[in-house]
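Student: Sequences are here, hints too, so could you generate the full structure?
Protein chains in written order, with the working numbering: chain U, 1 to 342; chain W, 1 to 326.
Because the hints were derived from the structure by calculation, they are not lab data. This structure is a prediction, so every number in the text was calculated from the model and none was measured. Just so it is clear, CB atoms sit at the ideal spot from N, CA and C, and this is done for glycine as well. A couple of the hints might just be wrong.
Ranges between beta-carbon positions, derived for each pair [unchecked claim]: (1) W:168 with U:163: 41 to 49 Å; (2) U:42 with W:135: 32 to 40 Å; (3) W:25 with U:264: 33 to 41 Å; (4) W:106 with U:39: 26 to 34 Å; (5) U:260 with W:142: 20 to 28 Å; (6) W:190 with U:104: 53 to 61 Å; (7) U:194 with W:307: 57 to 65 Å; (8) W:295 with U:33: 45 to 53 Å; (9) U:212 with W:137: 53 to 61 Å; (10) W:84 with U:264: 33 to 41 Å; (11) W:106 with U:260: 33 to 41 Å.
Which residues of chain W face chain U? A few of them, derived with a C-beta cut under 8 Å, are [to be verified]: (12) 60; (13) 109; (14) 110; (15) 111; (16) 114; (17) 117; (18) 125; (19) 282; (20) 283; (21) 289.
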Amino acid sequence: MALAQIIRRLDLERNEKAATTAHLRLPASWPVVFLLLAFCVFLGIGSLRSGQFAQQTVSGLATGSTFGLLALALVLIYRATEVVNLAQGQMAMFSAYIAWQLIHWGLPWWPAAILTLLISFVGGVGIERLIIRPVEGHSLVTVVIVTIGLFLVLDGAATWIWSGIVRYVPSGFSTRPVRFGGVALSIQDLCTLGVSIGVVLVLWLFFQYTKVGLAMRAAALRPAAARLVGVRVGWMLALGWGLAAVLGAIAGLMIVPVAGLQPSTFQPLLMYAFAAAVLGGLESPAGAVVGGLALGAMLNLIGTYWSFVGSILRLPVALAVLLAVLLIRPAGLFGRGTVRKV
Amino acid sequence: MSYRRITAAGRLSGVLAVAAVLSVLPFLMSDYHQTEWAYVGVYFIAIFSLNILTGYTGQVSLGHGGFMMIGGYTSAILAVHHGWNIITTIPIAALICFGTGIVIGIPALRLRGILLALATFALAVSMPQIGLKFSHFTGGISGILTGYRPGHWLYPLSWSCAAVVFVLGWLVLRGRTGRAFRAIRDSEVAAVSSGINLALYKTLAFGVSAAFAGVAGSVFVIASNYAEPNNFPVTLSINILVGAAIAGLGSLSGMLFGAIVLEFIPTWSQSAPLIGSKQAPNVIQGLLLILIMLVLRGGFAGLLRRLGGFAARSGASLTDRIPDTS
Numbered sequence: 001m002a003l004a005q006i007i008r009r010l011d012l013e014r015n016e017k018a019a020t021t022a023h024l025r026l027p028a029s030w031p032v033v034f035l036l037l038a039f040c041v042f043l044g045i046g047s048l049r050s051g052q053f054a055q056q057t058v059s060g061l062a063t064g065s066t067f068g069l070l071a072l073a074l075v076l077i078y079r080a081t082e083v084v085n086l087a088q089g090q091m092a093m094f095s096a097y098i099a100w101q102l103i104h105w106g107l108p109w110w111p112a113a114i115l116t117l118l119i120s121f122v123g124g125v126g127i128e129r130l131i132i133r134p135v136e137g138h139s140l141v142t143v144v145i146v147t148i149g150l151f152l153v154l155d156g157a158a159t160w161i162w163s164g165i166v167r168y169v170p171s172g173f174s175t176r177p178v179r180f181g182g183v184a185l186s187i188q189d190l191c192t193l194g195v196s197i198g199v200v201l202v203l204w205l206f207f208q209y210t211k212v213g214l215a216m217r218a219a220a221l222r223p224a225a226a227r228l229v230g231v232r233v234g235w236m237l238a239l240g241w242g243l244a245a246v247l248g249a250i251a252g253l254m255i256v257p258v259a260g261l262q263p264s265t266f267q268p269l270l271m272y273a274f275a276a277a278v279l280g281g282l283e284s285p286a287g288a289v290v291g292g293l294a295l296g297a298m299l300n301l302i303g304t305y306w307s308f309v310g311s312i313l314r315l316p317v318a319l320a321v322l323l324a325v326l327l328i329r330p331a332g333l334f335g336r337g338t339v340r341k342v
Numbered sequence: 001m002s003y004r005r006i007t008a009a010g011r012l013s014g015v016l017a018v019a020a021v022l023s024v025l026p027f028l029m030s031d032y033h034q035t036e037w038a039y040v041g042v043y044f045i046a047i048f049s050l051n052i053l054t055g056y057t058g059q060v061s062l063g064h065g066g067f068m069m070i071g072g073y074t075s076a077i078l079a080v081h082h083g084w085n086i087i088t089t090i091p092i093a094a095l096i097c098f099g100t101g102i103v104i105g106i107p108a109l110r111l112r113g114i115l116l117a118l119a120t121f122a123l124a125v126s127m128p129q130i131g132l133k134f135s136h137f138t139g140g141i142s143g144i145l146t147g148y149r150p151g152h153w154l155y156p157l158s159w160s161c162a163a164v165v166f167v168l169g170w171l172v173l174r175g176r177t178g179r180a181f182r183a184i185r186d187s188e189v190a191a192v193s194s195g196i197n198l199a200l201y202k203t204l205a206f207g208v209s210a211a212f213a214g215v216a217g218s219v220f221v222i223a224s225n226y227a228e229p230n231n232f233p234v235t236l237s238i239n240i241l242v243g244a245a246i247a248g249l250g251s252l253s254g255m256l257f258g259a260i261v262l263e264f265i266p267t268w269s270q271s272a273p274l275i276g277s278k279q280a281p282n283v284i285q286g287l288l289l290i291l292i293m294l295v296l297r298g299g300f301a302g303l304l305r306r307l308g309g310f311a312a313r314s315g316a317s318l319t320d321r322i323p324d325t326s
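Tutor: As C-alpha cells, then:
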C-alpha cells in the first residue's frame with residue numbers, strides 16, 4: 001500500500017523528533033499527562049466519597065463528551081483548511097431539527113437517526129462544494145465571514161421552518177436511572193459517554209487504517225504531495241466537511257433530549273466546543289476529546305459546588321478557561337508549538 | 001496604468017455632499033423615519049469602529065457588540081444612578097471603552113488570526129451573561145430604564161456623534177498612525193522591520209476602535225431608552241461585521257450603505273412578498289453576506305470604485321490584501 005507508506009513519511013516529517021512508531025508515542029508532554037492524571041484521580045476520589053459528586057461528574061463527562069464531538073468536528077476542519085467553522089453549532093442544530101422532523105413524521109428513533117446522519121453528511125459535503133470551495137485560499141477574514149453567513153442562514157432558516165418554540169426529541173436510550181452502590185446514574189448519560197467514545201474510536205481507526213482516511217490526512221498535511229500521489233485533495237476536504245457535519249449531528253442527537261431543541265440552545269454550545277478545542281490544542285483530535293471531557297466535568301462541578309457561578313456564569317467561566325489557555329499555552333494541552341514561516 | 005486617483009478635493013466634496021443630504025433629511029421625514037435614520041447613524045459609528053480594527057489593521061473582531069454594551073451601560077448607569085446629563089456621558093463611555101479596548105488588545109498581541117476572532121467572540125458571548133449576573137449594577141434581565149424620551153433631538157444627536165467620530169477617525173487614519181495600521185495589516189513582519197512599534201499600534205487600534213464602539217453603544221441606549229442584556233446579543237456583534245463586510249473592509253466610502261442595509265433589511269425582508277416572515281432577515285443577511293464574499297469581495301465600496309472606473313488593482317480586492325495571519 002504505497003499510499004500508507006507515503007502518509008507515514010509525511011507524518012514523520014511533521015514530527016521530526018518522533019520515534020518510528022509514530023502513532024504509539026505519547027500525544028502530550030509529561031507535565032500535561034501528569035496534570036490530567038491528577039484531575040482523573042481527583043474525580044475518582046471525589047466520586048468514591050460522595051454520591052452527588054459522582055452523579056455530577058458522570059453527567060458532566062457526558063455533556064463534555066458532546067462538547068468533545070463538536071470540538072472534534074472543528075478540529076477536523078481546522079486541520080484541513082486552517083479555518084474555524086463558526087457555523088458548526090448551527091449545523092448540529094439543523095441536523096437535530098431534521099431528526100425531529102423525521103420522528104415527527106412517524107419514523108422510529110434509530111432509522112430516523114441514521115437517515116439524519118446521512119442527510120447531514122450530504123449537507124456538509126454540499127456546503128463545502130457550494131460556498132467554502134470558492135473562497136478557498138482567500139484571506140482569513142473572507143472565510144470567517146462566509147462561515148458567519150452560513151451561521152445566519154442556518155439559524156434563520158431553522159427558526160423559519162420549524163418556528164422558535166422548544167421541540168422535544170426523545171432519546172434513543174432508556175432514561176431511567178441505574179444504581180451503582182447507592183449512586184443513581186442516568187443510563188442516558190452513560191450511553192452518551194459510550195457513544196462519543198465509540199465514535200472517536202471508529203474515527204481513529206478510519207484515519208489510521210483505511211485508504212480514504214489516510215488520503216484525507218495526506219490532503220490536510222501536504223496538499224501538494226498528496227495531489228502528486230493521486231489523492232483528490234478537493235474531494236477530501238469536502239469529505240472532511242461531511243464528516244464534521246455527521247459528528248455535529250451525533251452531538252446534536254445526544255444533547256437535544258436533555259437540553260431541548262431550540263436554535264438558541266446551540267449558540268453557547270459552539271462556545272463550549274471552541275473552548276474544548278482550544279484547551280486540547282486546535283490541531284489535535286485527541287486533545288479535542290480530552291478537552292471536551294475535562295471542560296464538561298469541570299464546569300458541572302464548579303456550577304454545582306460554587307454557588308456564585310451557578311448556571312449564569314458557566315459560559316463566562318468556560319470562556320475564561322479559553323482565554324487563559326490562549327494566553328498561557330496557545331498550543332493547548334496536546335498541541336505542539338508551531339514555528340511560523342515569514 | 002489607467003489608474004486615476006480621486007483627488008482630495010473630490011473626496012472632500014463627496015463627504016460634504018453626503019453630510020448636506022443627511023442634514024436636510026430630517027426635515028423631509030416623519031418622526032418614525034427620523035428614529036430609524038438615527039439608528040442608521042448608530043450602525044454607521046459601529047461599522048466605522050470595526051472597520052478601523054478589521055479593515056485597516058487586519059485584526060478580526062467578533063466582539064464589538066460587547067464594547068457597545070459596555071459603552072451603553074456606562075451611559076445608563078451614570079445617567080440614572082448618578083444623575084448625569086445623558087449626553088455628557090458619551091465621552092465618558094468612549095473613555096471607558098478605550099481603556100477596555102487597550103486591555104483586550106494586550107492579549108491580542110499574542111493571538112493572531114482566528115484565535116483572536118475566537119477571543120473577541122468570547123467577549124461578545126459573555127458580556128450579556130455578566131450583565132445578568134451583576135444585577136446590582138445592571139438591573140439584571142430588565143435592565144436600566146434611562147427615562148429620556150428620545151424626541152426630535154435624537155437624529156441630530158446620533159448624526160453629530162457620527163460626524164465627530166468620522167472626523168476623528170479620519171484624522172487617525174490619514175496620518176502616521178493610519179499608515180502604521182495598514183502596514184500591520186499588510187504584513188506584521190515588514191511593519192516591525194521598518195520600525196513600527198507593533199505592541200503600541202495594535203493596542204492603540206483596539207483602543208480607538210473600542211472607544212468608537214462605545215459611542216455607538218451609548219447613542220444606541222439613548223435611542224432605545226433602556227439598557228438591557230437582550231439589546232446586545234451575540235448577533236449584534238455579528239451584524240456589525242456583516243455591515244462592515246457589506247460596506248467594504250478597509251474603505252470609508254461604503255460605510256453609509258452598510259449601515260442602511262443593517263437598519264432596513266429586517267423591515268424590508270419582513271414585508272417582502274413571498275418570503276416575507278419574521279425569520280427572513282437572518283436568512284437574507286446570511287445569503288447576502290455569502291454572496292458578497294463570493295462575488296464582490298470589496299463590498300459596496302469596491303463596487304463604487306469599479307463603477308467609477310477607479311479600479312486600479314483589478315482582481316485584488318481590499319480584503320485580499322489583509323494577509324493570512326493564522
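Student: Hint by hint, which ones does this structure get wrong, listed from lowest number up?
Tutor: 13
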